[in-house]
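Take the sequences, apply the hints, and build the full model.
Order-wise, the sequence lines are chains F and Z.
In terms of my numbering, the first sequence opens at residue 1 and continues consecutively.
In terms of my numbering, the second sequence opens at residue 1 and continues consecutively.
Careful, some of the hints might be misleading.
The list treats identical chains as interchangeable, and a pair is accepted whether it falls inside one copy or across any two copies.
[Said to hold, decoys possible] Calculated pairs, EDC-like style, for lysine to aspartate or glutamate (alpha carbon to alpha carbon, straight line, at most 20 Å):
1) K154 to D99
2) K14 to D288
3) K214 to E291
4) K82 to D40
Worth flagging that the hints you see were computed from the coordinates, not collected in a lab.
Because the structure is a prediction, the values reported are computed rather than measured.
Protein chains: 2
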Amino acid sequence: MTDMQIKQIVDIVKTGRVLTDESDRFSYSFDASFGTFLPDAVIQTKSVEEVAELVKFANREKIPVYPRGQSTSLSGGPLPVKGGMVIDLSVMNDLLEIDEEDLVAVVSPGVLTADIHKAAEAKGLMYPPDPSSSHVSTIGGNLAENSGGPRGLKYGVTKDYVIGLEVITPEGEIIRTGGRTVKNVTGYDLTKLIVGSEGTLGIITKAILRLIPKPPASETVMAVFDSLVDAGRAISQILTSGILPSKMELMDQASMVAVENYQPSGLPTDAEALILIELDGHPMAVRDEAEQVSQVCKQIGAREVRVPQTKAEKEDVWKARKLVSPAIVRVKPTKISEDATVPRSKIPEMCRRLQEIKEKYNIHLVVFGHVGDGNLHPNIIADKADKEEMARVEKAVAEIFEAAVQLGGTLSGEHGIGTMKAPFMEMELGAAGLDMMKRIKQAWDPHNIMNPGKIFPEPGQKLVLSE
Amino acid sequence: MTDMQIKQIVDIVKTGRVLTDESDRFSYSFDASFGTFLPDAVIQTKSVEEVAELVKFANREKIPVYPRGQSTSLSGGPLPVKGGMVIDLSVMNDLLEIDEEDLVAVVSPGVLTADIHKAAEAKGLMYPPDPSSSHVSTIGGNLAENSGGPRGLKYGVTKDYVIGLEVITPEGEIIRTGGRTVKNVTGYDLTKLIVGSEGTLGIITKAILRLIPKPPASETVMAVFDSLVDAGRAISQILTSGILPSKMELMDQASMVAVENYQPSGLPTDAEALILIELDGHPMAVRDEAEQVSQVCKQIGAREVRVPQTKAEKEDVWKARKLVSPAIVRVKPTKISEDATVPRSKIPEMCRRLQEIKEKYNIHLVVFGHVGDGNLHPNIIADKADKEEMARVEKAVAEIFEAAVQLGGTLSGEHGIGTMKAPFMEMELGAAGLDMMKRIKQAWDPHNIMNPGKIFPEPGQKLVLSE
Numbered sequence: 001m002t003d004m005q006i007k008q009i010v011d012i013v014k015t016g017r018v019l020t021d022e023s024d025r026f027s028y029s030f031d032a033s034f035g036t037f038l039p040d041a042v043i044q045t046k047s048v049e050e051v052a053e054l055v056k057f058a059n060r061e062k063i064p065v066y067p068r069g070q071s072t073s074l075s076g077g078p079l080p081v082k083g084g085m086v087i088d089l090s091v092m093n094d095l096l097e098i099d100e101e102d103l104v105a106v107v108s109p110g111v112l113t114a115d116i117h118k119a120a121e122a123k124g125l126m127y128p129p130d131p132s133s134s135h136v137s138t139i140g141g142n143l144a145e146n147s148g149g150p151r152g153l154k155y156g157v158t159k160d161y162v163i164g165l166e167v168i169t170p171e172g173e174i175i176r177t178g179g180r181t182v183k184n185v186t187g188y189d190l191t192k193l194i195v196g197s198e199g200t201l202g203i204i205t206k207a208i209l210r211l212i213p214k215p216p217a218s219e220t221v222m223a224v225f226d227s228l229v230d231a232g233r234a235i236s237q238i239l240t241s242g243i244l245p246s247k248m249e250l251m252d253q254a255s256m257v258a259v260e261n262y263q264p265s266g267l268p269t270d271a272e273a274l275i276l277i278e279l280d281g282h283p284m285a286v287r288d289e290a291e292q293v294s295q296v297c298k299q300i301g302a303r304e305v306r307v308p309q310t311k312a313e314k315e316d317v318w319k320a321r322k323l324v325s326p327a328i329v330r331v332k333p334t335k336i337s338e339d340a341t342v343p344r345s346k347i348p349e350m351c352r353r354l355q356e357i358k359e360k361y362n363i364h365l366v367v368f369g370h371v372g373d374g375n376l377h378p379n380i381i382a383d384k385a386d387k388e389e390m391a392r393v394e395k396a397v398a399e400i401f402e403a404a405v406q407l408g409g410t411l412s413g414e415h416g417i418g419t420m421k422a423p424f425m426e427m428e429l430g431a432a433g434l435d436m437m438k439r440i441k442q443a444w445d446p447h448n449i450m451n452p453g454k455i456f457p458e459p460g461q462k463l464v465l466s467e
Numbered sequence: 001m002t003d004m005q006i007k008q009i010v011d012i013v014k015t016g017r018v019l020t021d022e023s024d025r026f027s028y029s030f031d032a033s034f035g036t037f038l039p040d041a042v043i044q045t046k047s048v049e050e051v052a053e054l055v056k057f058a059n060r061e062k063i064p065v066y067p068r069g070q071s072t073s074l075s076g077g078p079l080p081v082k083g084g085m086v087i088d089l090s091v092m093n094d095l096l097e098i099d100e101e102d103l104v105a106v107v108s109p110g111v112l113t114a115d116i117h118k119a120a121e122a123k124g125l126m127y128p129p130d131p132s133s134s135h136v137s138t139i140g141g142n143l144a145e146n147s148g149g150p151r152g153l154k155y156g157v158t159k160d161y162v163i164g165l166e167v168i169t170p171e172g173e174i175i176r177t178g179g180r181t182v183k184n185v186t187g188y189d190l191t192k193l194i195v196g197s198e199g200t201l202g203i204i205t206k207a208i209l210r211l212i213p214k215p216p217a218s219e220t221v222m223a224v225f226d227s228l229v230d231a232g233r234a235i236s237q238i239l240t241s242g243i244l245p246s247k248m249e250l251m252d253q254a255s256m257v258a259v260e261n262y263q264p265s266g267l268p269t270d271a272e273a274l275i276l277i278e279l280d281g282h283p284m285a286v287r288d289e290a291e292q293v294s295q296v297c298k299q300i301g302a303r304e305v306r307v308p309q310t311k312a313e314k315e316d317v318w319k320a321r322k323l324v325s326p327a328i329v330r331v332k333p334t335k336i337s338e339d340a341t342v343p344r345s346k347i348p349e350m351c352r353r354l355q356e357i358k359e360k361y362n363i364h365l366v367v368f369g370h371v372g373d374g375n376l377h378p379n380i381i382a383d384k385a386d387k388e389e390m391a392r393v394e395k396a397v398a399e400i401f402e403a404a405v406q407l408g409g410t411l412s413g414e415h416g417i418g419t420m421k422a423p424f425m426e427m428e429l430g431a432a433g434l435d436m437m438k439r440i441k442q443a444w445d446p447h448n449i450m451n452p453g454k455i456f457p458e459p460g461q462k463l464v465l466s467e
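Okay, structure coming up:
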């Protein structure tokens, strides 16, 4: 941007701040994925009108606009890869209203997702989407990326709970989509198009979220299997027995070893798989279902099945699962967290392929995640200073994507495409499918100013993890 | 179409039929809404490739293409308002595959929705969307219109269960969207854009539907209220007490009177409202919840609360609700069935406004529907031969739409826009919101061949019910 353009931006932003010092801009140059890209200016304002004016100006002057929440993205969503302006929406955090009668929450984009959980629970309600980052990530980021989480198995993902939006279009118009009703078929579903479009179709400035009554009780079942294949069979059998658990999480042997080395938790490191199942609902129902789930696991040959009784015991069991992420970065400093997702029946085959890829490229691979909906998290642990290792990692990641797509799955279950997976889009969608997406982008954003460089691959673009 | 064009169509359709006789074409000139429009040709073929060739041809020659299921549409979805070709997809009905492990159904568009219900239930699974027409409507029509139904309260609508599609684009390309995984954030969500786009963005030739475990038990509670406002209060209180019923249906006094005149069912015709609540889930849970719901209704002043015990008793109670539609057309021959939907808290106010509209225009208005999610069905009963009455009806319908939008609701909860509600689109969406929808249509269908005349109003278009 020119000095003149910066001056014009400062004129537009009457109630907020424009950051142009290099040290300030540096804080906005990275996220939880790879690469650093310095923006020309960072804008913080609570005024929707000012943001709309900024976008109008950017559209006129063809300046890239990068909306940003707390930048916990694992796929490069908020990276300002082409410079221009970053709009820091984490400051737009004043509105968090729970309407018990309409069963909705109305929120501004900078509100932390965990704060929505708390506010809903205080009124006996629940906002189900629970990305692992919810205590630090904003709802605006969750909306842009259509975040998932463990409860996706029973309750679905962010998109399933968004019924209305206020959005600034790439040309700076403020539009409203959907509304406060769960049923709405008035024209095209712009709400569900914009949620998950990773900030490439506009800036979300308000959202209406659907809430549900909070289930009054929950139970947890922990089962240890000597064989990963048996664990897979148990999962299938539970899901076809009339029970829909709220969570079904898997930890493989490597995850358990990592946790035990990091913070000993009594995990069975000689077993191939540990599964954790949470059931929620009516107290009598979940007790009975926990019993049924335990029986299935035992019949299939679990070597240990445990139903923790007290709240503290339950928390202990889930804590081990939460330790996987911090534990594995202790092994090596660089974590490449993937979310390639396969149809549920293909989980054992995907596990086998991951094992092959691990051996072929001699990489440190850990597998855990939301096994009930096929959303595994193969994590590769490496050191990005080691160029030779990172070259092997790049090849391994490409093969993981290929395996997922070959098995009828998808590149990304919940982390988004961003910069990281853009080179693989055509492999999954085909040229015609990708073209239909591009047409929407071009029709809405003719000057390609909204989050350019994301989702759509540039000609010849390849995955690069080494800098 | 010219004779030459018809001949070219006949050449493309090698495995199916092309109907051109006037008597055949007449059968395809109407649906369950208003108006008759004769197509130039009707095509029946099971071949996706032939349909794709037809669309390519139509795109080249700028011939309107009207996809059609069983034509139960209440909003004019399949009406061939600009002539051209109707593609009868009800013949594409061979594929209905239930995959228990992946928890999906894979279906072709001509399959009846009720047959999907049966096939899923045979394997202990459930396809939740339950439009009232499911025994006669095709899944293709349900997908095009994003159909709802009573279970929308707990389970959502058609769109919430579609995870993958095969679609013929308006230029005749065959693309695949989504897949067999519940979580998928690879690019824009074309699946949810196409579902509910009323056949204006392409032709769905295959769908992958998400299934859930079938709840093992259900209970019904029937409550009679002297006051409609009390019924509304009971509904709110139940929904904020940690219970999410699978259905919550309302019948107003006029509906009960109509049913009693049609087929006496012992309904309390002197009461203002009857609500029917269904709870589904674990047997112990639903028994307990039925008890809690009964208590709430009694506390709020229901004059009668009943929990039918046997299967036959339960069916009797629901039968009365199902009789409303056939009963009201006995009063007068023309039924204008609306689905204006309001936020749940605005139901009492909407009922009051409907009463005012009824009196102002001296029309026969009956209110029933899915009260738990704000999706009321105000039905106007009239005689379309009576021009003076229909002119009053047209004004009343416009005021119903205005009331819904003013109360923060929507023109259509589940019937779609079609021809019937197109004139009111801008009132709800604003010019900028409608423009963003049009841009998608233009980008995908530059020659406007796919179901032209639907959703988007023509300049100066008004609602016309009299012919």
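Here's how the hints hold up against the structure:
1. Taking the shortest alpha-carbon separations for K154 and D99, only the inter-copy value of 18 Å comes in at or below 20 Å, while the best intra-copy value is 24 Å.
2. For the identical chains of this complex, K14 and D288 are neighbours neither inside a copy (60 Å) nor across copies (57 Å), given an alpha-carbon limit of 20 Å.
3. Proximity of K214 to E291 under the C-alpha cut-off of 20 Å is restricted to the inter-copy arrangement: shortest distance 19 Å between copies versus 22 Å within a copy.
4. Only within a single protomer do K82 and D40 lie at most 20 Å apart by alpha-carbon distance; the minimum there is 10 Å, versus 52 Å between protomers.
In summary, the structure is inconsistent with hint 2 from the numbered list given earlier, while agreeing with all the others.
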